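When you get a sec, could you build the whole thing from the sequences and use the hints?
For the sequence shown, counting from 1, position 1047 maps to 1047 in full-length UniProt numbering; every step adds exactly one.
Heads up, some of the hints might be wrong.
As the list claims (entries may be wrong) - Lysine-lysine pairs mimicking DSSO-like chemistry, simulated, CA-CA at most 30 Å apart:
1) Lys396 to Lys102
2) Lys188 to Lys283
3) Lys900 to Lys396
4) Lys297 to Lys914
5) Lys914 to Lys712
6) Lys914 to Lys900
7) Lys396 to Lys535
8) Lys751 to Lys712
9) Lys115 to Lys102
10) Lys900 to Lys1046
11) Lys202 to Lys133
12) Lys751 to Lys297
13) Lys900 to Lys712
14) Lys594 to Lys549
15) Lys751 to Lys900
16) Lys594 to Lys706
If you're looking for bench data, these hints aren't it; they were derived computationally from the structure. From a predicted model like this one, the values you see are computed outputs, not experimental measurements.
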Amino acid sequence: MRCCLPRRGKPTQSTRHIYANGLRAVEPVVLETLNTFGDNRIVTSRYTWWNFIALNLFEQFHLVGNFIFLCFSFLFIFEPKAVNAVAFVALFIISLFISLIKEAVYDIFRHIQDKRLNNQRFNVLAFDLEFSKLVWTKSISSCLRVGHVLRCVANQEIPCDMVLLASSESNREVRLTTNNIDGETSVKTHFALSRTHEVYRKFLSMFPEDVEISDVTQFKPVIVSVAYEAPNADFNRFEGNLIMADSNEGESSIPILMENVAFRGSRIYNTSCVIGLVLYTGKDTKLSMNSKKNARKFGSREGRLSFLLALCFAAYLFICVLLTILATVWDTSQTSSLWFSVLKPPTRYAYVKTAVSFSFIAIYLLGVILQVTVDLQLLVNSYLITHDPFLFDTQKGLGSSANTVDITDELGQVEFLFSDKTGTLTLNELNLRACSIFLDDSVFWITDRSIHQERKRTVESEEECGQQTVFGNVVFSDVLELKDGLPKTLLEFLTVVLLCHTVEIRNQSFPSSGKNLTYMATSSDEKALVEGAAKLGLVLISTDPDSEKAGARRLVIKRQSRQTAEDDDGDWTTSAHTEEYVVDATLEFDPQRKQMTVMVRYPDGTFHIHSKGAEARLLEPEICSQSSSELRTLALERANEFGRSGLRTLMYATRQVDSAEYHELLGERERAMRQFGEDRRQALKASTERIESGLSLLAVTGVEDKLQPGVKECLINLREAGMKVWVLTGDKEETAVTVSQLSGHFSESMKLLRITGCREFDDVAECIRNHLHGIDVEYEQRSVVKEENLTRRTVNDAEVGEETREDGLKSTRMKSTRFMQKCRVVSHRIVSCLSRVKRKRKRHPTASSSTEAIGLIIDGVSLQHALHPSLRMAFLDLCLKVTAVLCCRMTPLQKASVVKLVQIGLSELKHGSKPVTAAVGDGGNDVSMILQANVGIGISGEEGKEATRAADFVLPQFRYLQRLLLVHGHWCCHRIGYTILLFYHKCVTWVTINLLVVFYSGFSPTTWCSSIIFGLYNAPVTTLSMFFFGIFERPLTDDQLLENPKLYRLISRNSNLRLWRFLLFVLDGLWQGAVIFYSVYLFLAGGGMFAQATFIDPSSHGSYFDISLCGGSSLVYTVISVNLRVVLTSRDINWPLFGSILFTLLSYLLFLMFYQFSVSPSDLDFQTYFKMVRSPAFWFSLPISVFVANLPALLWRVYSDTWWQMRAQTEKQRIKIQRRMQSRKSRISSFSVEEDGRIDVCLTRQKTERRSGHVPPDVGETDVAGSGM
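Following this line, the structure appears as structure tokens:
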């Protein structure tokens, strides 16, 4: 019997339950349809061929400027008198068309990509019940459904999320690369389900032949049922169970682990083929759910530009209303004097009609194509950043890239910089350098070629103490090199290190011998620890899965002498032996728990639980309850000692359990993993707490992570540029502080304030209050001392003047001097009173007002309370008062919360003015911070590419950040800002000329030029030079900007778009428009009288004045003057800018010459320019009008150049004096360091001999010994 169950309506949202190919049973045969959850079609394109134009225009008209221009375009229907629609509507259509083409090109590429993904062909295993066969059918990716059994081959990208049923490898291994998911190029090992591997592997061996089955009941072994959770976007979580029939005619449920699942976007590597059961398709896959477009970031420039547009719109309305009133008054007064004219009162429609006519002239104040021009400039500037050779790292072979083009100018506006530490400031190339065993209180320091043990102080001798050994930033004189062998306690600990990890092995050319092994791990710390153990003689040679138990691993460790381990070219000694351990369960690390645990079976039959994590977690009483308080104190001291040495610390704990407890804990965890949803999370939490309790502290390790080159210089320059730098890291406090001091984030003389270890809200509040009070008190004291010193100097000057007067100098000059001195004293007292009032109002001084450098340190536990709504503003006040902030032991969400605190908090303090923030990171834990900041910058590091994919800009190393911000940020911000100012300047110039024409025409809405000429002025004629200005302008060279980081402050907070600067350009435009109009009016039109220079058309017999000739002259003067204004603004006269101006003038001249002969004789432009060039008056007035029009800009440029030269000379003198002082200090410090070294050696030797009972040598002998060292 065969039946098909109908679709059961909408699927549940909590869990899913599917069968392979819909086969539920064979006696009778029951099939389900596979159309329940939709197909596997991937759609990343935004438009289709039929909705592209309508949808794109709808999106473009959401912009305020475009909507305003659209509304004014409809006004031409009612009154096309002043200017033809072509002059305005054509430009508006061109700007829309450019944006339309840009989006079309982008979407075409998206369609091509979607088509390539959706048309990939795969083999699907289907049940042919009619002929009792299992057949392989061809299917394209878009037709795949949930429940299909899919075959994928090597180097093929997995098209959907699926559970692995079988692999071509006998050990169930499936090797995948996840570069499209997380950016990591390393190969990851997944495993097929052990219960389905053997059954479905037979079908792989028979491919492409169909499998014939004699009886329908033989289908029963291939019936696979999976119950799993609904779609979610978390790549690190999957909840599901495999349900299969067991030997007792029942069903058994087996948890599906993360290692049994492959996600869409993964690529099969070095595995012949696999079979998988489709779980999620299309938009339900995890990659699609994580590929949602992030919200578009809007720059601070757009808000300022909207404000300027609003001002221009207000001016536009004012001009229209004013001209309408004046036109009505003029018409009334002029018509009333004519006795034969009967004036009818104007109607309301007449008022509207007049206002609309004037609006066609004034609308050019708004700048129709400004937005398109700026967008294209940002695009080209992003291209220049991507192809900057100075941002290319030759060692890595990586360069910079710009993933976002809309906020390129925001690089010049950064006020707060949030940076990760590991991998961002450091190289993330870790090496095991130290470990401390708590059982015998031994400390081992490890170098690349040797291992030393820190000895007990009771066995020190005179000769041995005289030898010093350097480990990182610490110098030791009480260590002993281990040459013969390793202590037993260290060997036992290294065994724990090789068991408690998730490292995988690659390049196993000779796995049994241990040669050519490459370790791969998601955590750089784990890789460093395993490699460090291999250097010491314990080598991990195998991590194969256990064939008997799902999720278990068999780890093989090879033990040999350390000398053999260091010999890369020789063979291994025969004394080496191997041991096999079984890891039954792995409790992986998570940022909230900060701990990782394994359950291990030893070869001797014992059962152990090993755990590692942050010391703050493992030192909790409920975790290490088997360790005494003295041992916990010792562990904390050792961890702090390693941290102060600049090492990353990781603490280990362990316990041994009996077989019954071990299997009970293991069974409890397996039962928890079979559940779903909140029940599963609660059960896993309870199981984890039981497993990770009652541990005994074992050891702590120290891993070295060196700073990247150029980090210190970069941080100092960024701070000098006016940026507040915050370091947000997950490392412990001591390590973070040491690295901050080495990197220059904390200076040596900086006073450090701490808010650490506060687990209660009241404790955090008290710390913040005390720190705020202390800073305020110190600020008040310094202010009072400064005022007293200033008052004392002023009074002394007055007393000197008084004594001079008493000596007999009673002239009028001395009387005036005494009067002036008294005035100075009185004025100073007034200023002092005002400053006191100001200080009382200014209750929260900023860091710039404080002369003392202060640093703030806060950990993640205290930060939870500091971010409380009732305390966060006080905490932000404290952060603003200090020089540098360091946040340690932070989770990824806390990093984003700190960035959000600065954004929202400062916007409240500044009443809506949000600061521009930038975040720099290299790992997946920095993604939330990068997305939250205004500018996200990713560093190409060792922790994958999640950060670089989420970032707006990508750099190969942190040191390139100063060039990105100080050079490209400065250039782009200057270019875009002045492009906007020049654009409004040329609009104001043109509108001013036409408004004066309206005034001298009796307030009639008329112009001097035709509509075509009117439109050409606003588009290519004056815009091309400004476009190239916004691409190639360099007001200062890159060397000048890097040598003087303070220049960055000149452009911060959109200083180029401030209101006063905008008004200066508007006034300059008014001046140019007035000069050009009156030059034409007075020199060429004779002031309205028929002078010798008047333009008269000979064909008219002198009966009328040719207005078109005046319009043509004013247009030519304006084009030359506006382009010359661009030249005067530019400080880098480059060939592209010069060529664009020359091309504009020549092409425009040729166009006018050809255009005047192509129109009809009745047109105003007919032979206008041919007549104009024959007039001597036109050529004589050209240089005069252009020079006078640009005279204010020329004077301002001369003054600006003089100011810059004086500033440059002052800066050179300051740098010269500073270098001289630094060289003098370095000589003094080198001498003091040498003397301090001699004193330290002397004190060490004296202290040693007191302990050993020897008589201390005299001073001369000690000095000689120190000098010899």
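For each hint, the structure was consulted:
For a cut-off of 30 Å, the pair hint linking Lys396 to Lys102 is broken: about 34 Å separates their Cα positions. For the hint pairing Lys188 with Lys283, the CA-to-CA distance comes to about 25 Å; that is within 30 Å, so the pair holds. With a C-alpha separation of about 33 Å, the suggested pair Lys900 and Lys396 falls outside the 30 Å cut-off, and the hint is violated. Of the pairs offered as hints, the one joining Lys297 and Lys914 holds, with about 13 Å between alpha carbons and a cut-off of 30 Å not exceeded.
Of the pairs offered as hints, the one joining Lys914 and Lys712 holds, with about 29 Å between alpha carbons and a cut-off of 30 Å not exceeded. For the hint linking Lys914 to Lys900, the alpha-carbon distance of about 11 Å falls within 30 Å, and the restraint holds. Taking the CA atoms of Lys396 and Lys535, the gap is about 26 Å. The hint holds against a cut of 30 Å. With a C-alpha separation of about 19 Å, the suggested pairing of Lys751 with Lys712 holds against the 30 Å cut-off.
Only pairs whose Cα atoms come within 30 Å are accepted, and Lys115 paired with Lys102 is accepted, the gap being roughly 20 Å. Between Lys900 and Lys1046, the direct Cα distance comes to roughly 27 Å. Compliance with the 30 Å bound is thereby established for this hinted pair. Between Lys202 and Lys133 the alpha-carbon distance is near 14 Å, which keeps this suggested pair within the 30 Å criterion. A distance of roughly 37 Å separates the Cα atoms of Lys751 and Lys297; the hinted pair therefore is violated under the 30 Å criterion.
For the hint linking Lys900 to Lys712, the alpha-carbon distance of about 27 Å falls within 30 Å, and the restraint holds. Of the pairs offered as hints, the one joining Lys594 and Lys549 holds, with about 27 Å between alpha carbons and a cut-off of 30 Å not exceeded. Only pairs whose Cα atoms come within 30 Å are accepted, and Lys751 paired with Lys900 is accepted, the gap being roughly 27 Å. Using a Cα cut-off of 30 Å, the hinted pair Lys594 and Lys706 holds, with the two alpha carbons roughly 23 Å apart.
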